[in-house]
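These protein sequence lines map, in sequence, to chains A and B. For the first sequence, the positions run 1 to 325 when full-length UniProt numbering is used. For the second sequence, the positions run 1 to 170 when full-length UniProt numbering is used.
To be clear, the hints were calculated from the coordinates, so they are not data collected in a lab. A virtual CB, placed ideally from N, CA and C, is assigned to each residue, including glycine. Take these hints with a grain of salt, some might be off.
As the list claims (entries may be wrong) - Partial list, derived from the structure: chain A residues whose beta carbon lies under 8 Å from chain B: (1) L32; (2) R34; (3) T43; (4) S44; (5) T46; (6) Q48; (7) T49; (8) K52; (9) P54; (10) L55; (11) Q303; (12) S317; (13) M318.
Unchecked claim - Every beta carbon over 12 Å from chain B, so not counted as near; a handful from chain A, in silico: (14) V87; (15) L88; (16) Q114; (17) R148; (18) N195; (19) P222; (20) Q242; (21) S255.
Stated by the list, open to error - Here are the simulated distance ranges between beta carbons: (22) A:R133 <-> B:R142: 51 to 61 Å; (23) A:R57 <-> B:L163: 30 to 40 Å; (24) B:G160 <-> A:S84: 31 to 41 Å; (25) A:E201 <-> B:P158: 43 to 53 Å; (26) A:L104 <-> B:L163: 53 to 63 Å; (27) B:D65 <-> A:A136: 20 to 30 Å; (28) B:R135 <-> A:K51: 23 to 33 Å.
Okay, here's what each chain looks like letter by letter:
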Amino acid sequence: MADHSLSQDLQLDSQGRLRHFLTIEGLSRDLLVRIMDTAESFTSVTEQTVKKVPLLRGKSVVNLFFENSTRTLATFELAAKRLSADVLNLNIRTSSTAKGETLLDTIRNLEAMQVDLFVVRHAESGAAHFIARHCAPHVSVINGGDGRHAHPTQAMLDMFTIRRVKGPDFGKLKVAIVGDILHSRVARSQIAALNTLGAGEIRVVAPKTLLPVQVESLGVAPYTDLDAGLDGVDVVVMLRLQRERMNSAFLPSESEYFRCFGLTEQRLARAKPDAMVMHPGPINRGVEIDSAVADGPRSVILQQVNHGIAVRMAVLSMCTPGGHA
Amino acid sequence: MTDLDINQLLDTLEAELRREIAARGLADPAMVGILTGGVWIAQKLHERLGLKDPLGLLNISFYRDDFSQIGMHPQVTPSSLPFDVDGRDILLIDDVLYTGRTIRAALNEVFDYGRPASVMLGVLIERDGRQIPIRPDCCGARLTLPPGQRIKLTGPEPLGLELREAASGA
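Chain A on its own, in the form it takes in the complex:
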């Protein structure tokens, strides 16, 4: 977990405005609300015949993806293009770093091309922080997911989705996050965002092997029984189970996991009747969630994808030099 004050110093400028977006930690409730408010106003752009606004015209955004992610890359690319930025997608696995160029060399070369903003996706925790610390002063960095550490834009689009469905008062909400909490950067960022927004109760539900030690220190209540964890909640967030966990002695088998922690309609009945079901994707049907629930009336999974564009437009416009909010 990154040090809060360090994150704050790095993420905010001297006037407390967003300069980089690396982690939820250290950011104020007001700033998170402002991101959601800005995203709200971007939702109308998709209703236009020309689904673009000229806000970032002339700016260059580089999606620097060291790790595959179809959905995150696509939504960042669409978000930047809808802001009229020029977008370059770099798959670093096939680029110069594979030929021995260091990460800093790559950054320096891209900076020399007058890039304004990097979106960084990396398997190593702290990669986006590293780039933010070393890039030129006029360049901003957005974390598109780093290792087990953080996925702040995913967390913000989840918060935005919750706010749109349940209203702005997070204090009345009980939220259950179910799945591989130990390895999930999404869960970490969601927990931080929910805490900052003052969620009434945050539960994490997982087998003991997939819960971090002293998880309570994150401000959550741990459950190892799904039925108990879902009891009376307003929001259910299902996390993707990475299949490699089966091979790492964290779990006995997929079918065993589904039997104990898979979300079925029957299990969902324990939650409130109007509970919403979320999943950051991609879904493992029949592993962590049943198709009937994923495609059912309480699922907002596709809304989350749609909101991802508006939220990423908000963050891009707030981080881009000249766009500080």
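Since the structure of chain A is provided, determine the placement of chain B on it from the hints.
Just chain B now, kept in the frame of chain A:
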């Protein structure tokens, strides 16, 4: 400045709009107000003119040409044009026409929703200080203000006009 009567200005603007609509032979125009003051004025005019389509709202924040200087300010009210813009006659309404940059941004945004047959501009007050060649088709009053002063609509209920000291305006 406070002696300007809002209702009288609205009466004049309404009369000018009616005259211009008749002169152009517009059968079914649709009205769009620019947030926020323009919407307050447009709400009154929309009612007075008895237009069929719901009022459209334009938030021009994302089309401003001074984004790199002033940055983003979250606008909770998004744009909403609840009718098909293609081929329509649009009545674009704002409160004060000053530099013309707001109207430039609004026109760009309207055209991103579709290609209107025509756009007619109505403003409550046209003041001096134009920076780009934009003129209203209809207005409630024309004013010349001393340097450094701007006129501001307050509202929505009751609507009022205030003279303020300011370095810039739109």
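How the hints compare with the structure:
1. At a threshold of 8 Å, the smallest CB-CB gap from A:L32 to chain B is about 12 Å, leaving the interface hint violated.
2. Hint status for A:R34: holds, given a least beta-carbon distance of 5 Å to chain B, under 8 Å.
3. Among the interface hints, the one on A:T43 holds; its C-beta lies about 6 Å from the nearest C-beta in chain B, closer than the 8 Å criterion.
4. A cut of 8 Å between beta carbons decides the hint on A:S44: the least distance to chain B is about 4 Å, and the hint holds.
5. Nearest Cβ of chain B to the Cβ of A:T46: about 10 Å, over the 8 Å cut. The hint is violated.
6. A cut of 8 Å between beta carbons decides the hint on A:Q48: the least distance to chain B is about 5 Å, and the hint holds.
7. Among the interface hints, the one on A:T49 holds; its C-beta lies about 5 Å from the nearest C-beta in chain B, closer than the 8 Å criterion.
8. The beta carbon of A:K52 is positioned within 8 Å of a beta carbon in chain B (closest approach about 7 Å), and the interface hint is therefore held.
9. A hinted interface residue such as A:P54 counts as satisfied when its beta carbon comes closer than 8 Å to some beta carbon of chain B; here the least separation is about 6 Å, so the hint holds.
10. Evaluation of the A:L55 hint against chain B yields a held restraint, the C-beta minimum of about 5 Å falling below 8 Å.
11. The restraint placing A:Q303 at the interface with chain B is violated, with a minimum CB-CB distance near 16 Å, outside the 8 Å limit.
12. Proximity of A:S317 to chain B holds as hinted, the smallest CB-CB distance being about 5 Å (cut-off 8 Å).
13. Hint on A:M318 holds. Least Cβ distance to chain B is approximately 6 Å, under the 8 Å limit.
14. At roughly 18 Å from the closest C-beta of chain B, the C-beta of A:V87 stays outside 12 Å, upholding its exclusion from the interface.
15. Listed as a non-interface residue, A:L88 keeps its Cβ farther than 12 Å from every Cβ of chain B; the least gap is roughly 21 Å.
16. Once the 12 Å rule is applied to beta carbons, A:Q114 is consistent with being away from chain B; the minimum gap is 15 Å.
17. Listed as outside the interface, A:R148 is consistent with that label: its C-beta sits roughly 31 Å from the nearest C-beta of chain B, beyond the 12 Å cut-off.
18. Listed as a non-interface residue, A:N195 keeps its Cβ farther than 12 Å from every Cβ of chain B; the least gap is roughly 22 Å.
19. Interface exclusion of A:P222 from chain B stands, the closest Cβ pair being 35 Å apart, more than 12 Å.
20. At roughly 36 Å from the closest C-beta of chain B, the C-beta of A:Q242 stays outside 12 Å, upholding its exclusion from the interface.
21. Consistency note on A:S255: stated as away from chain B, and its beta-carbon is indeed over 12 Å from all of that chain's, at 46 Å minimum.
22. At about 56 Å, the CB distance of A:R133 to B:R142 agrees with the hint of 51 to 61 Å.
23. A hinted range of 30 to 40 Å for the beta carbons of A:R57 and B:L163 is consistent with their spacing of about 35 Å.
24. The beta-carbon spacing between B:G160 and A:S84, approximately 38 Å, falls within the hinted interval of 31 to 41 Å.
25. Between A:E201 and B:P158 the beta carbons are some 45 Å apart, a value that agrees with the proposed interval 43 to 53 Å.
26. In this structure, A:L104 and B:L163 meet the distance hint of 53 to 63 Å, their C-beta atoms being roughly 56 Å apart.
27. Look at B:D65 against A:A136: about 26 Å separates their beta carbons, and that is inside 20 to 30 Å.
28. With their beta carbons about 31 Å apart, B:R135 and A:K51 fall inside the hinted range of 23 to 33 Å.
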